[in-house]
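Work out the full structure, taking the sequences as your base and the hints as a guide.
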Amino acid sequence: MYALITIVGIVVTIFFLAGFGRGLRNAIAEYRDGAPESNEVPDYRYGGLAALSVVASAVVIAGAGFSPAMIYAGPLLALVTAAGCGLAFFVEDKAAG
Amino acid sequence: MDKSIFAQMPSLTPTLGFASMIGLGLFSLALSYGVKTLLVRNTHDFIIADRRVGFGFGVGSVIAVWTWAMAVMMSSAMTYNWGLSGLFWFVVPNGFAVMAMIPFARILRKNMPEGYTISEFVEYRFNRSKVATAIVTVTMIFGIILEILINLKGTSVVVSTVFGIDWRVATVVGIVCVLTYSYFGGLWTSVMTGTLNTLMITVPAAIVVAAVYAKIPGGTQAVFDAAGAADARNLSVLRPDAAAGFGITLAFGLLAATVSDQTFWQKVWAVKSRDVGRTFLWAGALFYPIPICLGMLGLVGIAFGLKPADIGGDIVAIGPYIVSHIGLGLTLVLLYVLVILAACYSTIDGASAALSSIVAVDIVKRYFPQTSESSLFVITKLSVLLGGIVATLIVLSGLDFTTLVLTTYALKTSILLPLVLSILWPKTNMVGFVGGIAAAILIGMPIYEMAGELIGTLCIVAISGLTVLIAGLVGGRDFDLSGLKRITDEVSAPAE
Chain A
1 MYALITIVGI VVTIFFLAGF GRGLRNAIAE YRDGAPESNE VPDYRYGGLA ALSVVASAVV
61 IAGAGFSPAM IYAGPLLALV TAAGCGLAFF VEDKAAG
Chain B
98 MDKSIFAQMP SLTPTLGFAS MIGLGLFSLA LSYGVKTLLV RNTHDFIIAD RRVGFGFGVG
158 SVIAVWTWAM AVMMSSAMTY NWGLSGLFWF VVPNGFAVMA MIPFARILRK NMPEGYTISE
218 FVEYRFNRSK VATAIVTVTM IFGIILEILI NLKGTSVVVS TVFGIDWRVA TVVGIVCVLT
278 YSYFGGLWTS VMTGTLNTLM ITVPAAIVVA AVYAKIPGGT QAVFDAAGAA DARNLSVLRP
338 DAAAGFGITL AFGLLAATVS DQTFWQKVWA VKSRDVGRTF LWAGALFYPI PICLGMLGLV
398 GIAFGLKPAD IGGDIVAIGP YIVSHIGLGL TLVLLYVLVI LAACYSTIDG ASAALSSIVA
458 VDIVKRYFPQ TSESSLFVIT KLSVLLGGIV ATLIVLSGLD FTTLVLTTYA LKTSILLPLV
518 LSILWPKTNM VGFVGGIAAA ILIGMPIYEM AGELIGTLCI VAISGLTVLI AGLVGGRDFD
578 LSGLKRITDE VSAPAE
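Read top to bottom, the protein sequences are chains A and B.
The first sequence begins at 1 in this note's numbering and counts up by one.
The second sequence begins at 98 in this note's numbering and counts up by one.
Keep in mind the hints are simulated off the structure, nothing from the lab.
A couple of the hints might just be wrong.
As the list claims (entries may be wrong) - Partner residues aside, some chain B positions facing chain A, computed with beta carbon under 10 Å:
1. 146
2. 156
3. 191
4. 206
5. 316
6. 376
7. 383
8. 463
9. 465
10. 467
All C-beta atoms, glycine included, are put in the ideal place defined by N, C-alpha and C.
Laid out in structure tokens, this is it:
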């Protein structure tokens, strides 16, 4: 499992850094463009997803008390966090031009 | 399980410790200088990043500022002390507290799009009440100094323990590293270095925890069996003593820590308006795995029957002790130190950036409105250094900062419901807001001292909330939050 987590960790790091680079280029392009940002705050349904993540975290912790294999869920999910941050750069709108 | 497996590593020299601290600082400084050159021209860019922080940087930086160095260690310590119930009560409210910002963040960003600080909102919400504004400003400043102080202290303890560096020297080197790079780019620097620090926290944490379990004969099965054999409650999340002992109090404290913290409000107004809601949702959800991962080190401590005396007397040291004594390679131990340093640096630079917004908007522009842009920019940049210097002096003085912790706790918990109601309930008025906070401190804190944390915290929250409700019902006038859209930008970017 250690080897797997290390390999996945390296892959996730590359993905994260690719996203970071995209985000940085976006930020610089938008700054140079200088176009005004919209003040609109769109409606956003978050209650279900928020509740799901709270319950999921509780289930993962409780799971470590039922199966020793679940102990590895923590490290694996930490890699999901890094991957999620990287993904956030790719789902944000790209700067025009 | 035989705890003779744990032994001091001889190769962890002070030079390696300094190299880790200064190396991360220099890396951040290089990034910061680039940020300053490319993205920061004036005070507006420095304190609010021109309100152009994108979704990726928003998520990464919110996770980074919420991942305190102490939290990295506390997740292991709470598991070690209470078993999985400790981890449950430490983790579940933590991510929820970040997501709890979403409704308030959306309302204020929608109705006060040109805002900078939560104190500024209170100023306009309560008809420029100097008392209400001052209370909130002081609370934010206290909270920021405490954030810096706790992270600095925690990191200096770890670095001194692992590398044998004098803790005073570690404190000074740590703060100099963070403040040097924070000075250049303000909020942009904070969000970018913070986002990278999220990477430096998560991937190394996963690898190090997996390596620890790989090093233990029998791996997870052996730890699972030994922890259960030590006490079956270690493997349950349903221990009521964990909830009563710290869980419920921590849950309220964490809510107050986000909703009553300018570090988060600064990001509410800096992230692009369309991304505010999902930024806090993703950050809260993606935060969860970090303490869950590091908490698994606590089970190792239980399984090996480590006693507090074995690890230096303080259970917070359980994670660092296991990693630095179980026989991992030097690279892995350094990776773990990197996790703690990254958590420390990102929280301090986030807090310093938040302090700069308070100084610019709530102090200089409020009391000296004629200050020129060039002077304001200089003052704002210098203010980044202020919180760090004050916190360092407190740490170095060796003073017991219990008073500061208690004062900040009292202010933040007292302000929680009045602030929430001032955003959600139009009838909230100045008398209720100030009266609620004052009554909560004057009546609730003595109860807290006498009856303990749980009852005390519930009383503080109840007294502050009830006072606001009663004053609002008696006062009877509704406040139109949408009127705040007329508020102009206090520190607008100067024309080119």
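Grab the minimum C-beta distance from residue 467/B to chain A and call the hint holds if it beats 10 Å, violated otherwise.
-> With a closest approach of 27 Å, the residue 467/B hint is violated.
Evaluation of the interface hint that places residue 206/B against chain A, nearest CB under 10 Å = Hint on residue 206/B: holds, closest Cβ of chain A at ~5 Å, below 10 Å.
Agreement of hint residue 376/B with chain A interface, Cβ distance less than 10 Å | Since chain A brings a Cβ to about 8 Å from residue 376/B, closer than 10 Å, the hint holds.
Satisfaction of the residue 316/B interface hint, Cβ to chain A closer than 10 Å = 8 Å, holds
Restraint outcome when residue 465/B is required to lie within 10 Å of chain A by C-beta distance = Not OK, violated: residue 465/B not within 10 Å of chain A, min 28 Å.
Under 10 Å, Cβ to Cβ, is where residue 383/B needs to be relative to chain A, so tell me if that hint holds or is violated.
-> 4 Å, holds
Classify the hint on residue 191/B as holds or violated, based on whether any CB of chain A lies nearer than 10 Å to its CB.
-> 9 Å, holds
Verify the interface restraint on residue 156/B: the C-beta must sit less than 10 Å from at least one C-beta of chain A.
-> Nearest chain A Cβ about 4 Å off; hint holds.
Do the numbers back the hint for residue 463/B, that is, is its least Cβ distance to chain A under 10 Å?
-> 23 Å, violated
Interface hint outcome for residue 146/B [beta carbon to chain A under 10 Å] = 9 Å, holds
The structure fails to meet hints 8, 9, 10 from the earlier list, while all remaining hints are met.
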